[in-house]
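Novice: Sequence:
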Amino acid sequence: MLLLQVSCLCGSAPCLLCGCCPSAKNSTVSRLLFTFFLFLGTLVSIIMIIPGVEKELHKLPGFCEGSGSVLGVQTHVDCRSFLGHKAVYRMGFAMAAFFFLFALLMVCVRSSKDPRAAVQNGFWFFKFLVLVGITVGAFYIPDGAFTSVWFYFGVVGSFLFILIQLILLIDFAHSWSQLWLHNAGESNAKGWYAALCIFTFIFYATSIAAIVLLYIYYTKPEGCTEGKVLISINLILCLIISAVSILPKIQDAQPHSGLLQASLITLYTIYVTWSALANVPTQTCNPTLLVRNSTVSATATQTLTTWWDAPSIVGLIIFILCTLFISAAGAGGEAAAMESGLHRAYDNEQDGVSYNYTFFHLCLLLAALYIMMTLTNWYRPDESLQVLTSPWTAVWVKICSSWAGLLLYLWTLVAPLVLPNRDFS
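Residue numbers (mature numbering (1 follows the signal peptide of the UniProt record, and there is no 0)): -18 to -1, 1 to 407.
Just so you know, the hints here were simulated from the structure itself, not pulled from any lab data. Beta carbons: idealized from backbone N, C-alpha and C, even for Gly. A hint or two may mislead.
Estimated spans, in silico, between C-beta atoms of each pair [to be verified]:
1. VAL138 with PRO97: 28 to 36 Å
2. LYS231 with LEU25: 45 to 53 Å
3. PHE121 with PRO203: 47 to 55 Å
4. ASP96 with LEU306: 40 to 48 Å
5. LEU401 with PHE121: 49 to 57 Å
6. PHE121 with ALA311: 30 to 38 Å
7. ALA177 with TYR122: 52 to 60 Å
8. THR266 with ILE228: 17 to 25 Å
9. GLY173 with TYR134: 45 to 53 Å
10. ASN403 with PRO203: 22 to 30 Å
11. ARG98 with LEU401: 20 to 28 Å
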């Protein structure tokens, strides 16, 4: 058994699972393990940005103090290289480079008969070494313009990942409504309809309460015009999609469409609006910015960044759920034949891959950039990393992504009417 486990980590053999786990598809296990790598990098980034970590590192004998060389390698370590925005951006670069590498390697893999499929589904120990090697190399990237330039890569990648989140949310909302309406029709039980109404009410009530709070905390009677306009525009757009979702023609074309999906999309849109307003660089219109700046001024001698404000925590939770959804999609299926009583990941892709390898890695790449920006609050450091600014770029990226998501959801509603010959079931 031990030899087989080693072959899984160091070779292309299917992974053996623990005795309490059922047999699983090779494709599912691979996606979950790649996601584990992403979560591991995220955890390291969180540790690096926690205030007070540098003080603890200084307690390690000889780690942050003194200098010398061993076999020509400098032993002095500048702890500031492992902390703050500099560290998070380098971890984000390492994870993005790792997944980009595998996205290139797995282009046009059609089935597990392709030799590259063995690399995708095995050699996990060596993959971990590759990730560690890229991470170590990232910390040797010179300062200067790297962080400022990589900020814009993070902005673009985060915008695309927010769109992916919206697509997943729309798909989830449609599937949820369709399932419950199907159960209600099959059982003739009114409880399913009541449950739909209750969740719809909760989502809309939460959205209304959130909008009121946004007007209270992120706008002022005089001034803060940008915040007022952005909140009002998204409120109007949410009302429009809610009204369109229950139009008779839409209901005829899509009987399963309704207010449940619209309420869930509305709630997410209000969250994205909140997240955008939390990056408004005007202190009088952004109470979150005031908290961060007061925290920085209290330290006086160093720039202190905390990522655990409310928008970032919610963003981290959504990131975890969406990434797990991407990784575990299609995890169910037929049971595998048990060979010699072993619990193992069996090959289910001999006739064709169950997911696009390259697209999957690109999704994780975008997820790595998104979590990098989330942990740094979308703040843009200058080249010396001594000044942190919250640019309008972050605000407009988030707002535009919310508009793109609303337009995408609106298209799912009207598409059957515009293209009557297409099958949208």
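Novice: Under the constraints set out in the numbered hints, which ones does this structure not fulfil?
Specialist: The structure breaks hints 4, 8, 10 and 11; every other hint is satisfied.
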